[in-house]
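Q: Just so you know, the sequences run in chain order A, B, C and D. Quick note on numbering: the first sequence equals residues 13 to 303 in my numbering. Quick note on numbering: the second sequence equals residues 48 to 712 in my numbering. Quick note on numbering: the third sequence equals residues 15 to 160 in my numbering. Quick note on numbering: the fourth sequence equals residues 3 to 131 in my numbering.
Every clue listed holds true.
When the alpha-carbon atoms are kept at most 27 Å apart in a straight line, the in silico DSSO-like pairs for lysine-lysine are as follows:
id, chain 1, residue 1, chain 2, residue 2
1, A, Lys202, A, Lys76
2, A, Lys76, B, Lys666
3, B, Lys666, A, Lys106
4, A, Lys202, B, Lys696
5, B, Lys520, B, Lys471
6, D, Lys23, B, Lys387
7, B, Lys656, A, Lys106
8, B, Lys513, D, Lys23
9, B, Lys363, B, Lys303
10, B, Lys351, B, Lys299
11, B, Lys304, B, Lys218
12, B, Lys246, B, Lys188
13, B, Lys712, C, Lys149
14, A, Lys202, B, Lys656
15, B, Lys387, B, Lys520
16, C, Lys149, B, Lys153
17, B, Lys551, B, Lys281
18, B, Lys513, D, Lys67
19, D, Lys23, B, Lys532
20, C, Lys151, B, Lys712
21, A, Lys106, B, Lys644
22, B, Lys231, B, Lys455
23, B, Lys450, D, Lys86
24, B, Lys666, A, Lys29
25, D, Lys23, B, Lys450
26, B, Lys666, B, Lys644
27, B, Lys268, B, Lys363
28, B, Lys576, B, Lys551
29, B, Lys701, A, Lys215
30, D, Lys86, B, Lys447
Pairwise CB distance ranges (calculated):
id, chain 1, residue 1, chain 2, residue 2, range
31, B, Asp483, D, Ala36, 25 to 31 Å
32, B, Ser672, A, Val278, 22 to 28 Å
33, D, Glu41, B, Asp386, 32 to 38 Å
Hints listed in this document are in silico derivations from the structure and should not be mistaken for laboratory results. On a predicted model such as this, the values are computed, not experimentally measured, just so you know. Glycine included, each C-beta is placed from N, C-alpha and C at the ideal position.
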Amino acid sequence: MQKVMIERAAELLSSGKVNRVLGWRAGLFAHDNTPSVFTDAADLQANFVYNEFCGANLSKYLVKESDKEGTVAVFLKPCDTYSFNQLIAEHKIKRDNVYAIGVQCNGMKDVNDREKLEERCASCKSRKHVAYDELIGESGEILDSNRFDMVEKLENMTSEERFEFWRGELSRCVRCNACRNVCPACTCEKCIFDNPDSGSANKAPADPFEENLFHIIRAFHVAGRCTDCGECSRVCPENIPLHLLNRKFIKDINELYGEYQAGETVNERGPLVNYTQGDAEPSVVYERGNS
Amino acid sequence: MQRIGVFVCHCGSNIAATVDVKAVAEAAKHESGVVFSADYQYMCSESGQDLIKDMIKEHKLTGIVVCSCSPRMHENTFCKAAAAGGLNPYMVEIANIREQCSWIHKDMPSATAKAIVLVRSAIAKVTLNAPLTAGTSPVTKRALVIGGGIAGIQTALDIADAGFEVDIVEKEPTIGGKMAQIDKTFPTLDCAACILTPKMVEAAQNDKIRIFSYSEVSAVKGFVGNFTVTIKRKARYVKEDLCTGCGLCTEKCPQKKVPNEFNLGLDNRRAIYIPFAQAIPKIATIDPDYCTMLKSGKCGVCSKVCSAGAIDYQAKDEFIDVNYGAIVAATGFNPIKVDKYDEFAYAQSPDVVTSLEYERLMNAAGPTGGTLLRPSDRTHPHTIVFVQCVGSRESEDSTKCGKSYCSKICCMYTAKHAMLTREKYPDTDVYVFYIDVRTPGKSFDEFYRRAVEQYGVHYIKGMVGKVTPEGGKLKVQASDLIAGKQLHIDADMVVLAAAIEPDKTARPLATLLTASMDTNDFFTEAHPKLRPVESPTAGVFLSGACQGPKDIPETVAQAGAAASKVIGLLAKDHLVCNPCVANANEMLCSGCSQCEKVCPYGAITYSYKEFRMPDRTTKLRLVASVNAAVCQGCGACTVTCPSGAMDLKGFSNKQIMAEVDAICK
Amino acid sequence: MQMNDNTFRPKIVAFCCNWCSYAGADLAGTNRLNYPADVKIIRVPCSCRVNPTFVLRAFGRGADGVIICGCHPGDCHYTSGNYYARRRMTLLFSMLDYLGIERERTRVEWVSAAEGAKFAQTMNSFVETVTKLGKNKRLEDLRCKK
Amino acid sequence: MSENNICREDILRISGVDTRKCMRCGKCSATCPAYDEMEYHPHQFVNMVENGDIEALVESPSLFKCLSCFACIDRCPRQVEPAKLVEAVRSACIRRQGHNHLSADAIPAILDPDIPQQALVSAFRKYSE
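With the rest of the complex left out, here is chain A (with noise of 0.2 Å):
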């Protein structure tokens, strides 16, 4: 696969279809490849890697290199390629400078176990790329996902339960950003959270509620738009399993308003910008479930 990949990075660089390539570089360790741009056969060979420790989605970086000159080749996991069409379709990324070879993904292994396979790659939703101009390997299907197992085990907790474990884990949250840094719906020019005339603005909690305050606002911005790429709790130092969150609101959408899948299609309107007349009523929180 690496091979193959390498060898079709150059073949682009060379024949000056593409003049950069976005792909994953080999760190120090086995386990932490980053993404970087290649320009050169040597690099490539040298340093270009895709295993089962290339986890980070691409996709936001387009957001930077498809503004630059000329065509830049990307190498999109299934998962990216969601992110990748809700970035077209909020015109965050330059389509026509973007050359997106879909890859092959296996499943990624979680860096703090080796042996295990990520959690978001253990509850894959799709292995179907839907976007792509050239393949290598193969595109698989839409699975079965068991991605909503944990919010629903969340739900059928105790409103008291859920606060304690929101507790544990939210408290741990350094406000690093990451979560929010590494997201590809979070393109905003400049965040809320940072902005001193916001009204919003809020570098570091004051107070355990403004920790959760910025969780749920982050969770309700990108909500609708969110594609579930994992990619929040697979950053975070502190291991917040921030994807619950967001799974939250897109199993409600999914339950309320019909199922929806962000960036499965460019042209589509999110379920947060839309509506129906008979749409459920927000009682429909007090109706379901135990407190």
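Let chain A serve as the given structure and place chains B, C and D on it in line with the hints.
A: Showing chains B, C and D alone in chain A's frame:
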């Protein structure tokens, strides 16, 4: 630093009896930024307003808070007073301590405490107010009427009468619409053509009115007062300025087998045609689907016989852009297709007709020259069965193409048909099967009773269940609910009162106009009772059956009403805009286009703009901008924007959060 | 309603749309329909103007309950605002519930300009519910007591 | 369901019909091929159920004159489905005639390999409580 003045009104005892106004004024004094605070008997009185004006000058106030009744009551009064005192009228906030405090709380301490919180919250908000100026936008003094039926013609005539220019866009080769196809009109039974054609001629001769026939609206840009509409002038292959309407070509054209839509396919026309004798404009049109010259390049007869040289086989669709200040939708209606109702055998027998087809069969200019003949064998029918409510008043989940509403006009035109038939041919038996006879209208019920009492039409409460064509007859099986019998009638003709539905072009047009529609594709009015001829989209008005089923008098009345609204708009040189509108901060906008999707008015547009970057390079970025003349200030976009780039003037994020903070303190 | 330091009085923030619910609140006043003074109304043009941040801000600053009132679905002055608000608030409240914040502290109610009685009744029942829940303990625990 | 009294709610529940949707147009009776055989006609049937006048229906021979051709269901503009009411009254009536006309134990004896499974199930549903 703001200098804020607080005025606490007693409202006689309305407020002062339950709220300690002195304590409120005193508490306000200690709020940051407040330089003046006082209570007064009646703030809305002349002297109360003078107090505001004087204090603004005396204390150089930059903002004021009036603690009084609901802003819905006197906000305007105090804004005007502030303006008179030299302050921007948008630097005024009202703390509602009457409706939302003194009137609902009985206990003085708690009411006073609440009033103080409300004042604090208003002070917190006004501190962040910014002076706003209501912008203006110019008005293009020309109106567009889409649809050239009686609704469109009447609207255009009324607008032109007031001295404004108006264009009619009609998709057919002639104006006239459905009314031109009708024989007689109820309840007076005067002939439709006799009252319609003079109006058509008047429209054609009025120098303020331009008629774009055989044309469609293909794009709409802009906003109230400033629309730019792209009109597609379909190629008619005849030069409009040369054709004299002599009609020779329509007689010589060898292609004779084209179903005549004006007669609903009951007879044929040629490939080059003028829809009917009184057509306006009276210009021939070539039907490209049937013309052999256009299809295979062989023929050219019309070109040879045309002495004016008007035929142009090379013609292409043309697109023209015109500016308008107001747009009127008058797209009208159509009867629904009734083929799906197998039980009525419409598709099986030519003698089962819809009411509009019957109208043509009765019309002197129709396919039978006004003699009522069965379409199948052209014999005179002796027994005619009318069926009411075909496709109207069906349940919402109807599997057929039925409509849940009452089509409103069928009861009356069926009474008319029955009456005219009996009058012309007293030897016919006429049965009308009805569920209810609905005749609310001036002289309507009298008309229906006349059909029964003078003309001997058999009105039977019940419904037709089945029509079977058999041996040249139509066997009608029906129920008579009052006699408690099932009837079997051998009829010669069956006439179906098909439900009416909005024209199919209305839905795409609504999208172009960003006007809203109901589930039946009728245009929605801005308010069902108080603004019945305006659409919720500013500058778009509604005329005729595109808004709901209507008969001719109602249509004409509504057309006049729509025209008067248009005239009211065009009479202004400038429109004053609501200054409390959304505003995009281009530096923060990331161009994600989410806000554009929630805007109900299409006020948000995206464009690439150049930005200077900190490193002195320039960058092209897609950013949103709000058209202040179109934005109504709902704020839907502000919440959609994750960056907070979109904010609402007068209700900004910071202002509302300041209020929240003041209340929760 | 006796102001008594020993009894708990909740802080309630009510966001009301200008066209229906704020007018409904005015009507409740005109008809002298009582509801507790704990409710403080903030006027917004439309329920769709209510940003989730405002709701969280209120809780962050010590509110015990937040209620959002708008025109009935289909009656929005701006045609579609409350439809968007309905989706947003449903999701937000569901999320707050998911994080373990009592779901009864949040509510959306549609109140038309003619429903003064409904407005008063809604506020009475909401205040009662929130009072029963007591102080916003879970959030209180989170907030630094300044 | 009580022994001797079939109430309106039972019929509505069994049939799943909402009689209030009826706008009294009479198209069901107009379309009914067995109209002349019946004492009570389809539109009356709907009306009688709506008024709780079930006993008269049960007593009337009309009940079993309906051909179940479903023309009334097909043609009803309000989707009231009168034939379903007939069917519901019929099964209520049959059930009332005695407990379990058919018991599970009795089935093996009368089992015929040609009886379709569906017929068995529906008979079982119809003839037992």
